[in-house]
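Enquirer: These protein sequence lines are chains A and B, in that order. So in this note's numbering the end of the first sequence lands on 327, straight run, no missing numbers. So in this note's numbering the end of the second sequence lands on 654, straight run, no missing numbers.
Worth flagging that the hints you see were computed from the coordinates, not collected in a lab. Note that the Cβ used here is the ideal one computed from N, Cα and C, for glycine as well. The reader is advised that the hints may include incorrect statements.
[As the list claims (entries may be wrong)] Chain A regions said to be covered by chain B (calculated; three or more residues, Cβ under 8 angstroms):
(1) 6-16
(2) 91-104
(3) 169-183
2 protein chains.
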Amino acid sequence: MHDRISSLGEKKLISRIISRARSVFGSSEVMGLGDDAALIDAGEEFLVLTSDLLLETRHFPDPERPRDMGWKTVTVNMSDLAAMGSRPEGFILSVALPDLELEFFDSLMDGVIEACCHYQAPLIGGDTNEADEIILSGTAIGRAEKDMVLMKSGARPGDLVAVTGPLGVGAAGTELILSGRDTGGFENAVERSLRPVARIEEGLILAESGLVSSATDITDGLVSELGELMDASGTGMRIYEDRLPLGREVPEIASILGRDPLELALYYGEDFELVFTAPPTGMEELSDMMELHVIGEVTVGGGIEMVDKDGVTYKLHVRGYEHLSPG
Amino acid sequence: MHDRISSLGEKKLISRIISRARSVFGSSEVMGLGDDAALIDAGEEFLVLTSDLLLETRHFPDPERPRDMGWKTVTVNMSDLAAMGSRPEGFILSVALPDLELEFFDSLMDGVIEACCHYQAPLIGGDTNEADEIILSGTAIGRAEKDMVLMKSGARPGDLVAVTGPLGVGAAGTELILSGRDTGGFENAVERSLRPVARIEEGLILAESGLVSSATDITDGLVSELGELMDASGTGMRIYEDRLPLGREVPEIASILGRDPLELALYYGEDFELVFTAPPTGMEELSDMMELHVIGEVTVGGGIEMVDKDGVTYKLHVRGYEHLSPG
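Using the sequences and the hints given, assemble the complete structure.
Expert: See the structure below:
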């Protein structure tokens with residue numbers, strides 16, 4: 001009788017907010033709504049704005065590493081800017097904190113400032129509050145030329161689908177840390193989990209090339225993000241299992257943990273690579289400019305298909321890493 | 328040995344972050360740092376950006392009224408824009424939520440969208456997460472002409488100090504609600520507590536007049552905000568008890584609660600009026616354009632003095648509503 005928000009799941013919850021907002025505001029006012037970041041008209045450019053909130057108990061594999069927590073808070077926001085092909089311009093940090101040791105607090109801030117330096121996005125404002133756990137809310141501000149900005153919509157049947165780097169590494173690292181097992185020999189996966197790097201340069205290359213038809217970042221899992229591009233573009237997608245660039249260490253870590261490596265690559269967030277579409281000739285040009293891995297193609301419709309190593313085609317269910325997931 | 332952040336208090340904690348950021352970034356890059364909102368260069372204008380985070384258990388006198396919670400989340404952010412004399416342009420909402428009833432969630436969003444409409448700031452983006460309590464993080468975006476923007480710095484000795492409306496009403500309403508007593512007859516104070524209104528129009532009048540030397544909003548209590556203007560301007564302040572425009576109902580509510588009405592007006596947040604300084608001739612002009620109450624004057628230095636009803640001068644301690652307060 002009294003439905004709860006978990007009965008909808010995160011994506012439908014967001015759609016619910018978006019449709020309410022669209023019913024009230026003009027479509028030119030809410031251009032970026034539903035995309036990775038919001039767009040504000042600033043003359044010849046767009047100001048690109050995004051806000052993401054991270055909680056000590058839910059978003060950090062190791063909450064004993066405050067510097068990494070600060071770094072990651074900036075990175076998840078910068079990754080949304082990267083997904084729009086936008087150049088970072090500044091960062092705002094709102095925190096709510098328990099009564100931390102000053103040394104811990106300073107390390108947290110060092111991580112934030114270190115990341116702000118890395119992304120050339122000065123810390124320009126903020127707010128502090130008290131809370132029972134560490135809550136870190138970031139707002140990233142960037143700029144993009146109006147006709148260059150990357151959106152989720154625009155993929156066309158026949159376009160190729162590509163990712164900017166290996167898949168499943170952040171997921172494998174995160175699961176390894178959470179398992180409490182020895183992480184020796186897997187420093188790269190651990191680093192990718194604790195100190196992910198947003199693909200700002202790659203986003204700028206993609207945007208400035210003018211060759212890309214749609215793009216997003218893989219923070220919620222590849223299949224979920226393909227679903228986003230598909231829904232925004234009104235197309236389908238077909239990907240090939242043997243073209244997925246699984247990270248080198250992913251099979252071994254998955255085996256240690258008794259997990260399916262493909263599941264880590266397809267349905268887990270934390271990769272922070274970009275996934276994008278471009279016509280075949282454009283993709284060819286782009287491959288001379290940057291690392292990219294073509295994993296499939298855009299289809300007319302009918303959801304996401306995967307062709308496995310034996311050539312058998314099956315449908316992928318779009319779930320990804322859904323917070324507030326049903327059931 | 329291991330100091331905690333509570334040993335510093337909120338203001339010193341913020342100063343600590345600011346001085347770290349200033350040591351790394353150029354001063355032109357971090358113009359608004361320490362002010363009510365951040366400033367981003369956008370040609371002839373500034374983009375004005377602010378982010379505030381509210382928690383179910385700490386910032387809402389009645390967490391059973393989701394629509395009011397949504398409204399207030401937008402308002403506290405808009406109030407920072409008002410303090411800069413900026414026109415709202417958009418709002419971004421990041422939420423982390425427990426598994427709410429859908430009806431409660433919809434009311435929360437109705438409150439957000441209602442407030443966005445009121446302030447003419449479309450909801451342009453957002454993010455959702457799971458959490459154990461309701462966490463609402465807003466980012467407000469506004470615009471201001473470069474030479475018009477209101478800052479905390481700029482007050483000069485001899486300027487007058489004024490506020491845009493009655494003091495202590497939101498505080499009295501909040502304390503009355505929290506006491507669990509009958510609120511009958513005090514609808515105005517209750518409304519001011521649950522559905523405060525940011526002084527956007529007043530901020531725009533002040534900014535466009537070009538007459539104002541410094542300004543901020545009174546979310547953390549009058550004395551605390553006077554301290555902010557003073558510190559940023561390198562001056563002192565003198566205020567007169569008999570000029571403070573205590574809200575009509577404040578003495579009666581204070582008496583019911585056994586509280587000092589003056590304390591509610593001086594040291595409690597929730598008023599959402601603006602406090603500002605201007606030279607005497609400018610203040611005269613402004614008083615023809617809007618409601619304002621002159622409460623004192625800017626002095627050369629020496630902290631905040633209050634002259635009481637008997638003409639006795641004493642020092643006010645700058646504490647206001649400090650989160651993370653020492654001791």
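Enquirer: Can you take a look at whether the region 91-104 of chain A is actually covered by chain B? Rule is 3+ residues, C-beta closer than 8 angstroms.
Expert: holds (count 11)
Enquirer: According to a criterion of three or more residues whose C-beta lies within less than 8 angstroms of a C-beta of chain B, is the region 6-16 of chain A covered?
Expert: Satisfied; 7 residues make the cut.
Enquirer: The region 169-183 of chain A covered by chain B? Criterion: 3 or more residues, Cβ-Cβ distance below 8 angstroms.
Expert: It is violated: at least three residues are needed, and the region 169-183 of chain A offers just 0 whose Cβ sits closer than 8 angstroms to chain B.
Comparing the model with each numbered hint stated earlier shows that hint 3 is the single one that does not hold.
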